[in-house]
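Protein chains: 2
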Amino acid sequence: MISSTSSAVNIYPLSSYTFGTKDPRMEKDTSVSDRLARMKINYMKEGMRTSVEAILLVQEHNHPHILLLQIGNTFCKLPGGRLKPGENEIEGLKRKLSSKLATNSLGHQPNWQIGECAAVWWRPNFETIMYPYCPPHITKPKECKKLFIVHLSEREYFAVPKNLKLLAVPLFELYDNIQRYGPVISTIPQQMSRFQFKMVIS
Amino acid sequence: MISSTSSAVNIYPLSSYTFGTKDPRMEKDTSVSDRLARMKINYMKEGMRTSVEAILLVQEHNHPHILLLQIGNTFCKLPGGRLKPGENEIEGLKRKLSSKLATNSLGHQPNWQIGECAAVWWRPNFETIMYPYCPPHITKPKECKKLFIVHLSEREYFAVPKNLKLLAVPLFELYDNIQRYGPVISTIPQQMSRFQFKMVIS
Numbered sequence: 015m016i017s018s019t020s021s022a023v024n025i026y027p028l029s030s031y032t033f034g035t036k037d038p039r040m041e042k043d044t045s046v047s048d049r050l051a052r053m054k055i056n057y058m059k060e061g062m063r064t065s066v067e068a069i070l071l072v073q074e075h076n077h078p079h080i081l082l083l084q085i086g087n088t089f090c091k092l093p094g095g096r097l098k099p100g101e102n103e104i105e106g107l108k109r110k111l112s113s114k115l116a117t118n119s120l121g122h123q124p125n126w127q128i129g130e131c132a133a134v135w136w137r138p139n140f141e142t143i144m145y146p147y148c149p150p151h152i153t154k155p156k157e158c159k160k161l162f163i164v165h166l167s168e169r170e171y172f173a174v175p176k177n178l179k180l181l182a183v184p185l186f187e188l189y190d191n192i193q194r195y196g197p198v199i200s201t202i203p204q205q206m207s208r209f210q211f212k213m214v215i216s
Numbered sequence: 015m016i017s018s019t020s021s022a023v024n025i026y027p028l029s030s031y032t033f034g035t036k037d038p039r040m041e042k043d044t045s046v047s048d049r050l051a052r053m054k055i056n057y058m059k060e061g062m063r064t065s066v067e068a069i070l071l072v073q074e075h076n077h078p079h080i081l082l083l084q085i086g087n088t089f090c091k092l093p094g095g096r097l098k099p100g101e102n103e104i105e106g107l108k109r110k111l112s113s114k115l116a117t118n119s120l121g122h123q124p125n126w127q128i129g130e131c132a133a134v135w136w137r138p139n140f141e142t143i144m145y146p147y148c149p150p151h152i153t154k155p156k157e158c159k160k161l162f163i164v165h166l167s168e169r170e171y172f173a174v175p176k177n178l179k180l181l182a183v184p185l186f187e188l189y190d191n192i193q194r195y196g197p198v199i200s201t202i203p204q205q206m207s208r209f210q211f212k213m214v215i216s
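Chains as they are written, first to last, in my numbering: chain R, 15 to 216; chain C, 15 to 216.
Honestly, the hints are just simulated from the structure, not real lab data. Hints should not be assumed to be uniformly reliable.
As the list claims (entries may be wrong) - Calculated pairs, DSS-like style, for lysine-lysine (alpha carbon to alpha carbon, straight line, at most 25 Å):
no.	chain 1	residue 1	chain 2	residue 2
1	C	K54	C	K91
2	C	K179	C	K36
3	C	K91	C	K42
4	R	K154	C	K212
5	C	K156	R	K212
6	C	K212	R	K156
7	C	K159	R	K212
8	C	K159	C	K59
9	R	K42	R	K98
10	C	K154	R	K212
11	C	K212	R	K159
What the hints assert, rightly or not - Calculated Cβ distances over 12 Å to all of chain C for the following chain R residues:
no.	residue
12	H77
13	S119
14	L120
15	C131
16	D190
17	I192
18	S200
19	R208
Cβ atoms here follow ideal geometry from the backbone N, Cα and C, with glycine treated the same way.
So that you can see chain R by itself, here it is in the shape it has in the complex (with noise of 0.2 Å):
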């Protein structure tokens, strides 16, 4: 029998966290095309992408908000990024965080606490649309996206690559807005709707 009580997640201020900057991290990709040329080359020689995205949960005005990073004015991603073939997905993401969050000095690398697996995402075909399932008679399919929540600390310093903005968006920001952060960020709201959120004030 598999306990059915819903997880809880402490939530801290967006205050409680210091933000700094860092040199920037470049796009590999200047296109949407290049990248699925770039997700074509890879697959020829290391089989299906596998790739682990975090939701980093902050409190504004006690609601929750996630913390996204934004590319130019309008595309925003979640941290995270690709696997090493055979790299295990809780070092990995641990490893896409620090490169894209943490500075560079190895003493001062925050916490990061892992938590539950929240979705999963397939890339069926070299062509930018994902679903959260795999879908029938697709027997390869190119890619496969985790997402986990991870469970911040109550105070953190994070380091900003200067090319990148990070942004803490609202959950009724995200929620039903595919047009603005397209269908795996902007269901975000619904996949975190089992958790019980603690609002931690400090």
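Using the hints provided, position chain C relative to the given structure of chain R.
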């Protein structure tokens, strides 16, 4: 440290299950406005409505399907309903499932194994719209609805009220289909994506 391994769910073929009928169970309301008016009266008496609904999974063609009750020709809902004041949500969901889907003979009740909470929806006002969070500034929500995965055994007998149809709808049909299934049911695929489905062939 919370475990990040995905939960596994066994899914059996639709053909493992037997379906019969039982006396009709009429809806309490004949229109949406009747329903909202009754909700308001109950709220005055009992406070926030709490309801529970079940996600019952079966497989066909190696793809997960959800069991939905169809009323008339278009409206679909998950089996479940309103809890009595103070009723335990697990016991309440078992009671509702038996009243909607089990034979009236007490000796042949399915073994309802209530599993993980998959989503929680909030109704801020006496209106049809619900959100997967309690909106900021709403201090007295009118309903809280929880969806649970219910793990079916390998064989079961379901008795469906004669005025309803029980449908097995594939995840790919629900996905991105808010027009047909509404916001709650159409995002079940995203909420199910974190589970590892084990397609059991019987």
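To see whether the hints hold, each was checked on the structure:
no. : hint              : verdict
1   : K54(C) x K91(C)   : holds (21 Å)
2   : K179(C) x K36(C)  : holds (11 Å)
3   : K91(C) x K42(C)   : holds (14 Å)
4   : K154(R) x K212(C) : holds (18 Å)
5   : K156(C) x K212(R) : holds (21 Å)
6   : K212(C) x K156(R) : holds (21 Å)
7   : K159(C) x K212(R) : holds (19 Å)
8   : K159(C) x K59(C)  : holds (18 Å)
9   : K42(R) x K98(R)   : holds (16 Å)
10  : K154(C) x K212(R) : holds (18 Å)
11  : K212(C) x K159(R) : holds (19 Å)
12  : H77               : violated (4 Å)
13  : S119              : holds (24 Å)
14  : L120              : holds (21 Å)
15  : C131              : violated (5 Å)
16  : D190              : violated (7 Å)
17  : I192              : violated (9 Å)
18  : S200              : violated (10 Å)
19  : R208              : violated (5 Å)
Checked against the numbered hints given earlier, the structure breaks hints 12, 15, 16, 17, 18, 19 and satisfies all the rest.
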